[in-house]
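Asker: As they're listed, the protein sequences go chains A and B. Each residue of the first sequence is one higher than the one before, counting from 3 in the working numbering. Each residue of the second sequence is one higher than the one before, counting from 3 in the working numbering.
Any given hint could be a false lead.
[As the list claims (entries may be wrong)] For the chain B half of the interface with chain A, some residues (derived, Cβ under 8 Å), not all of them:
no. : residue
1   : I42
2   : S44
3   : E158
4   : D239
5   : T241
[As the list claims (entries may be wrong)] Derived Cβ-Cβ restraints for the label pairs, each shown as a range:
no. : chain 1 : residue 1 : chain 2 : residue 2 : range
6   : A       : Q246      : B       : E134      : 31 to 37 Å
7   : A       : G63       : B       : E214      : 53 to 59 Å
8   : A       : E54       : B       : A224      : 41 to 47 Å
9   : B       : K164      : A       : I172      : 26 to 32 Å
10  : B       : N57       : A       : E254      : 40 to 46 Å
11  : B       : F86       : A       : E214      : 49 to 55 Å
12  : A       : G63       : B       : S262      : 28 to 34 Å
13  : A       : Q246      : B       : D26       : 47 to 53 Å
14  : A       : R173      : B       : H62       : 44 to 50 Å
15  : A       : K249      : B       : H225      : 57 to 63 Å
16  : B       : H62       : A       : K249      : 39 to 45 Å
Calculated directly from the structure, the hints in this document are not laboratory data. Here a beta-carbon is modelled for each residue, glycine too, at the ideal position from N, C-alpha and C.
There are 2 protein chains.
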Amino acid sequence: MIGIFDSGVGGLTVVKAIRERIPDHDLIYFGDTARTPYGIKSAETVVEYAIENINFLVNHGAVIIVMACNTASSLAFEYARERFSIPIFEVVTPAVELALKISRRLRFGVIGTRATVQSGVYEKKIIENNPEAKIFSIACPLLVPLVEEGWLRKPETAMIVKKYLHRLKIRQIDTLLLGCTHYPLIKALIQRKIGKHVGIVDSSICVAEHLEKYLQNQFDRAHLLRKNGILRLFVSDITHQFEQMAKLTLKENVKLENASV
Amino acid sequence: MIGIFDSGVGGLTVVKAIRERIPDHDLIYFGDTARTPYGIKSAETVVEYAIENINFLVNHGAVIIVMACNTASSLAFEYARERFSIPIFEVVTPAVELALKISRRLRFGVIGTRATVQSGVYEKKIIENNPEAKIFSIACPLLVPLVEEGWLRKPETAMIVKKYLHRLKIRQIDTLLLGCTHYPLIKALIQRKIGKHVGIVDSSICVAEHLEKYLQNQFDRAHLLRKNGILRLFVSDITHQFEQMAKLTLKENVKLENASV
Numbered sequence: 003m004i005g006i007f008d009s010g011v012g013g014l015t016v017v018k019a020i021r022e023r024i025p026d027h028d029l030i031y032f033g034d035t036a037r038t039p040y041g042i043k044s045a046e047t048v049v050e051y052a053i054e055n056i057n058f059l060v061n062h063g064a065v066i067i068v069m070a071c072n073t074a075s076s077l078a079f080e081y082a083r084e085r086f087s088i089p090i091f092e093v094v095t096p097a098v099e100l101a102l103k104i105s106r107r108l109r110f111g112v113i114g115t116r117a118t119v120q121s122g123v124y125e126k127k128i129i130e131n132n133p134e135a136k137i138f139s140i141a142c143p144l145l146v147p148l149v150e151e152g153w154l155r156k157p158e159t160a161m162i163v164k165k166y167l168h169r170l171k172i173r174q175i176d177t178l179l180l181g182c183t184h185y186p187l188i189k190a191l192i193q194r195k196i197g198k199h200v201g202i203v204d205s206s207i208c209v210a211e212h213l214e215k216y217l218q219n220q221f222d223r224a225h226l227l228r229k230n231g232i233l234r235l236f237v238s239d240i241t242h243q244f245e246q247m248a249k250l251t252l253k254e255n256v257k258l259e260n261a262s263v
Numbered sequence: 003m004i005g006i007f008d009s010g011v012g013g014l015t016v017v018k019a020i021r022e023r024i025p026d027h028d029l030i031y032f033g034d035t036a037r038t039p040y041g042i043k044s045a046e047t048v049v050e051y052a053i054e055n056i057n058f059l060v061n062h063g064a065v066i067i068v069m070a071c072n073t074a075s076s077l078a079f080e081y082a083r084e085r086f087s088i089p090i091f092e093v094v095t096p097a098v099e100l101a102l103k104i105s106r107r108l109r110f111g112v113i114g115t116r117a118t119v120q121s122g123v124y125e126k127k128i129i130e131n132n133p134e135a136k137i138f139s140i141a142c143p144l145l146v147p148l149v150e151e152g153w154l155r156k157p158e159t160a161m162i163v164k165k166y167l168h169r170l171k172i173r174q175i176d177t178l179l180l181g182c183t184h185y186p187l188i189k190a191l192i193q194r195k196i197g198k199h200v201g202i203v204d205s206s207i208c209v210a211e212h213l214e215k216y217l218q219n220q221f222d223r224a225h226l227l228r229k230n231g232i233l234r235l236f237v238s239d240i241t242h243q244f245e246q247m248a249k250l251t252l253k254e255n256v257k258l259e260n261a262s263v
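Just chain A, with the same shape it has in the complex (with noise of 0.2 Å):
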């Protein structure tokens, strides 16, 4: 199975990216909701638990692990690849590239927790690739509550987006990069207030396109994938708000099964 984990309930945009494009790949999902949000918390912790969550996901029977959280993805990638042999993908890089490709003139806004700016890990992939390219970057840490609350179309959150924001738009930036998986919930927003001329780059989408061309050409183990269509989603801790959420993001009906790690 493809395993595929988040702190809570953000990693489910990537979930509905990789369904959209893969619908019959069996997924198991992990949402760490019993110890969520990541993006507020050290480094150490985040990478502690983000190899408790593979651990589980691969205890399940997972063989590619996604980690669908960038927090995580920033902080614990390349702990988790020294640590597991199967092949591991994170959110950040198959953004930059997009975003490298679609960027005119190579400045770039990066928002993300405060944890995943506080990595540098988007300014060190980003001007790996070309040294020219200016970075911007923002925590915005309220977001997540903002769209864990379901507080998508709120004045206030709009509100609180636009002042996020302003800082990135007096540097007249011509691509912004989505740096944490719950931000696709508010994309619409985000893009009113940064401004049309803009271009979005959706981790979810891309990392989605990424895991489907991988496994088109180079996965040597693609018969080991169960392709009967079923997404199990494990929490370690079930609330309504969660069951809300995930409904709303994935458009389906979804069955919560407790778990701890």
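Starting from the known structure of chain A, fit chain B onto it as the hints suggest.
Answerer: Just chain B now, with coordinates in the frame of chain A:
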């Protein structure tokens, strides 16, 4: 020592209130910042975390426990009292007592996290004391992240507080219970938005007064308590944000120690 715990920074309002009343007593604080916040999580998870936190404090010499977290107080107090033989204080009862004393028309508002409000503990305790009382409770899940971010004076916070309190205002409450130890940090804003004729009950002050009286009158092991005015602050995850908020709340320099439970 007196052991105090919270999911994060909120319980420091209780520490501050206790230090103002009994400054000589040594205090040990545990903030569960690696798993914060509690208020969006299920009752089972909150109980499990509370028991682990108390064990930590007891293992570090605490002989009295203060649950400086309304979510834990609401959901885990009964379990904790059964499990441990030392005195345990929670923040709900002292606040309810004061609220009943100051209310003229017995129309109470309660604001708290989703978990606290869902527990119904305030309604239960108020009605037990006075069946005539009317209680209106509102979950305000975004206030914890706003306070943790330090957005104490931002217009967006004011708008969100106004939106939450509107539903209590139209009920013409005369007394408002701050059912979360984060809220004293925005007490002036809450007072402004609910109206100056409404009495506000701050559970952090109530529990500190309660503890002071208990130590003066009833506690037979007072000689066991060290009185060097020491405050040790343990957190399960050290972040810059917590350090900033701790300084702001306690109005003194702090040294954080890392601990896992």
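Asker: Each hint: holds or not?
Answerer: Evaluated hints:
no. : hint                        : verdict
1   : I42                         : holds (6 Å)
2   : S44                         : holds (5 Å)
3   : E158                        : holds (5 Å)
4   : D239                        : holds (5 Å)
5   : T241                        : holds (6 Å)
6   : Q246/A x E134/B: 31 to 37 Å : holds (36 Å)
7   : G63/A x E214/B: 53 to 59 Å  : holds (57 Å)
8   : E54/A x A224/B: 41 to 47 Å  : holds (43 Å)
9   : K164/B x I172/A: 26 to 32 Å : holds (29 Å)
10  : N57/B x E254/A: 40 to 46 Å  : holds (41 Å)
11  : F86/B x E214/A: 49 to 55 Å  : holds (54 Å)
12  : G63/A x S262/B: 28 to 34 Å  : holds (30 Å)
13  : Q246/A x D26/B: 47 to 53 Å  : holds (49 Å)
14  : R173/A x H62/B: 44 to 50 Å  : holds (48 Å)
15  : K249/A x H225/B: 57 to 63 Å : holds (58 Å)
16  : H62/B x K249/A: 39 to 45 Å  : holds (44 Å)
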